[in-house]
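What follows is each chain in one-letter form.
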Amino acid sequence: MRKNLNVIAAYSIMMGLIILVGIFQSWNIALSIFNLCLISAVMTMGANIQWGYAGLINFGIMGYTALGGLAAVLISVDPVQEAWSAGGFDILMSLWLIIVMVLVIRFILKRFEKSKMRTYSIAAIIISGVLLIRFSAEPGIEAIEAVDPAKTGFLGGFGLPIIFSWIVGAFFAGGLAFIVGKVALGLRADYLAIATLLISEIVIAIIKHEDWLTRGVKNVIGLKRPAPYEVDLQTTDWFINLVEKFNSGKLEIISNLSDRQAALNQLVIEGSSVFVKLCYSGLFLTVVIILLILTQKALYSPWGRMMRAIRDNEEAANAMGKNVVKQHLLIFILGSAIVGIAGAMLVTQDGLFTPGSYRPMRYTFLIWVMVIVGGSGNNFGAILGGFVVWFLWIEAAPIALFLINFFTAGIPETNALKAHLIESVPYFRFLMMGLGLLLIMRYRPKGILPEKIEIK
Amino acid sequence: MDILNAIILLLNYIFIPALTYGSQLALGAIFVTLIYGILRFANFATGDMMSFGTMVTILFTWYFQSLGISLGILPTALLAIPFAIIFMILYMLSIDKFVFKYYRTNKSPPVQLAMVSIGVMFVTQAVVRIIIGPSDRRFFDGEKFIIKAREFKEMTGLNEGLALKSTQVLTIFVTIVLVSLLFWFLNKTKTGKSMKAYSDNEDLALLSGIDPKKIVMITWIIAGILATIGGALYGLDKSFKPFTYFNNMLPIFAAAIVGGIGNPFGAFLGGYVIAFSEIFLTYAYKKFFMYILPESMEPESLVQLLSTDYKFAVSFSILVIVLLYRPSGIFKGKVL
Chain A
1 MRKNLNVIAA YSIMMGLIIL VGIFQSWNIA LSIFNLCLIS AVMTMGANIQ
51 WGYAGLINFG IMGYTALGGL AAVLISVDPV QEAWSAGGFD ILMSLWLIIV
101 MVLVIRFILK RFEKSKMRTY SIAAIIISGV LLIRFSAEPG IEAIEAVDPA
151 KTGFLGGFGL PIIFSWIVGA FFAGGLAFIV GKVALGLRAD YLAIATLLIS
201 EIVIAIIKHE DWLTRGVKNV IGLKRPAPYE VDLQTTDWFI NLVEKFNSGK
251 LEIISNLSDR QAALNQLVIE GSSVFVKLCY SGLFLTVVII LLILTQKALY
301 SPWGRMMRAI RDNEEAANAM GKNVVKQHLL IFILGSAIVG IAGAMLVTQD
351 GLFTPGSYRP MRYTFLIWVM VIVGGSGNNF GAILGGFVVW FLWIEAAPIA
401 LFLINFFTAG IPETNALKAH LIESVPYFRF LMMGLGLLLI MRYRPKGILP
451 EKIEIK
Chain B
1001 MDILNAIILL LNYIFIPALT YGSQLALGAI FVTLIYGILR FANFATGDMM
1051 SFGTMVTILF TWYFQSLGIS LGILPTALLA IPFAIIFMIL YMLSIDKFVF
1101 KYYRTNKSPP VQLAMVSIGV MFVTQAVVRI IIGPSDRRFF DGEKFIIKAR
1151 EFKEMTGLNE GLALKSTQVL TIFVTIVLVS LLFWFLNKTK TGKSMKAYSD
1201 NEDLALLSGI DPKKIVMITW IIAGILATIG GALYGLDKSF KPFTYFNNML
1251 PIFAAAIVGG IGNPFGAFLG GYVIAFSEIF LTYAYKKFFM YILPESMEPE
1301 SLVQLLSTDY KFAVSFSILV IVLLYRPSGI FKGKVL
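Chains A and B, in that order, give the protein sequences.
For what it's worth, the working numbering labels the leading residue of the first sequence as 1, then goes sequentially.
For what it's worth, the working numbering labels the leading residue of the second sequence as 1001, then goes sequentially.
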């Protein structure tokens, strides 16, 4: 118990802060911060598996998040029949072409010795294949994108419950990680960082511009929800009764009947959105707890010990007969898959998919700040990092505003410098993140909750 | 005549823009490569350092404009750049003193330094946005065109016009001067040679009496000059927006790695490789073929290999291919 005291203390403070937001700002804000903290925690767990367990740098988190989001769209949206009949055949043909291309390349790679001839012929196959696909798919894509472009203009999905996409998102991200890992894992650490960063940009470029698949920058809105809708809740009797019971003390003070009804209505509207957010929190918390149990089990298993051995001394682990390349690939896939889950969760919560919003600052570097600040190699640390950093990211603007007003209290409102500072309050979050990262790296390089290895 | 038209078309839409963009990338790539070769880490703050330098240039430009100073047909920014460079060098040296020095003296692994540079990136980005804001700014003044498309048409009687912007000529000219000076410095002067020696083998260089503090300082000074000029030229030619500068970090990295990281000349050429391939692969050649092919063979589609949306993706794909087949870059740089 005493050993874990700092963990418990850190989490209690974090919870206390969120509750304070609930009391002083509103429960709605507190819960939406809490939900995004949970999603961030899932992302950091993924990054932590790669960086903390195995020492692999993955700066491509944005790409896996977006693939998870794409999964949410492809699973939950109803199929667009017209689009399928307009261009589905061409798309399927192109898919076949891609599969044939991959098989041919595999065959060449297996069959022939490594030579210049082989490299050139593979390059020729890829280039001609890409051109062939481009020209064969072109009419189909145009036909699909012409189907009611204001509303659909894409193939749609499978029309399944969106929860399934969390698993599918993991598979999508894992699949991409398999390809990236095969290509890039041999690189030295900082090259790997750059390569993964650039690959994630390619993924985003594709998602943004292949409108037939993702609707691109036109966004997909109104995704199905795993939780009830606020509008429905506001008209259900049991919910209104619940709110009434919950606030009976407050309502009884109001004597006027119509006033009381109005107050109740207001409370129901507020309560409904809090209730919906609570549903999400429950779902997300379940995911976080399941992942935490699994990752903790893995960390203390023989496999986890092997991973640490590989991280700390690759050559020695290799000499002991551990297959470093294979294990690196495995952990790269696992970590990315977890990030994929988080991506699907994020889109589920927002109810919309906006490819334009995927930016490396928010989805790659911020997650890394979380991992470093929280404590790499320690799952509790990673989750805490997700909470702390996300909380600061959201609350940075109010804090900065407070500080500016505090220090410039004597200066009149019309002062140009003060007005300028107040106007640029949103950017203080970057400053806070940067300074936080620099300070932690300098004075507590292992993070708030450092890695602890207990051999049981 | 048609052949001439076709050549002018390519010059106007491919060659000149690519040369300009390539020069801008090249300056950034040399910056990345110098930091990597001598300080031994991948600097993720590259784009934001460039935007910081540009911001200072803009502030000085505004100041001069308010004083009524101008350079006539040349942009006032040219006058502001030297002052901005001094500012930038101070900024770079103080960052080094307060942030990077600690890790260098502790001999931290390069990965840790790269992480620290992410912290610097966040801070610099915040400072830029707090001071000048995130919006798009143009700070170009003076004569915009050297040759206008319409004038060129009237002059030569061709169908295709050739427009030559003064910023394009300025970019290419300044880059050539700056890069030649830099290579002269690295190859001919004693300090430059000791920098190369330090980059090749740190221990050996230290043994032969090279002062590491001086080397590091000069590296940051050169980096400051390159970042400010590179950033200001990009801003003059296109426009200044902090987010674009952050994004430009990616093709700059690609250029540095394609050219062989740690090798300044490779980085210089790498910039052009990236710029030309981006523009070559995403240009729609329909008009070009309309000029050179007989009428019966004219293409109906745009004859575009990739849509312009994939501009960035092109350079990154090149990078991935280079990393796979020649990890040390096209021109041999540091081996992985």
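There's no promise every hint is true.
[Said to hold, decoys possible] To give an idea of the chain A side of the interface with chain B (calculated C-beta under 10 Å), a few residues: (1) M93; (2) W96; (3) I99; (4) L103; (5) A189; (6) I206; (7) G356; (8) R359; (9) M361; (10) V369; (11) K418; (12) L431; (13) L437; (14) L439.
No wet-lab data here; the hints were simulated from the structure.
The C-beta atom is built at its ideal place from N, Cα and C for all residues, glycine as well.
Cross-check of the supplied hints:
no. : hint : result
1   : M93  : 19 Å, violated
2   : W96  : 22 Å, violated
3   : I99  : 21 Å, violated
4   : L103 : 20 Å, violated
5   : A189 : 5 Å, holds
6   : I206 : 7 Å, holds
7   : G356 : 12 Å, violated
8   : R359 : 8 Å, holds
9   : M361 : 7 Å, holds
10  : V369 : 8 Å, holds
11  : K418 : 13 Å, violated
12  : L431 : 4 Å, holds
13  : L437 : 4 Å, holds
14  : L439 : 9 Å, holds
Checked against the numbered hints above, the structure violates hints 1, 2, 3, 4, 7 and 11; every other hint is satisfied.
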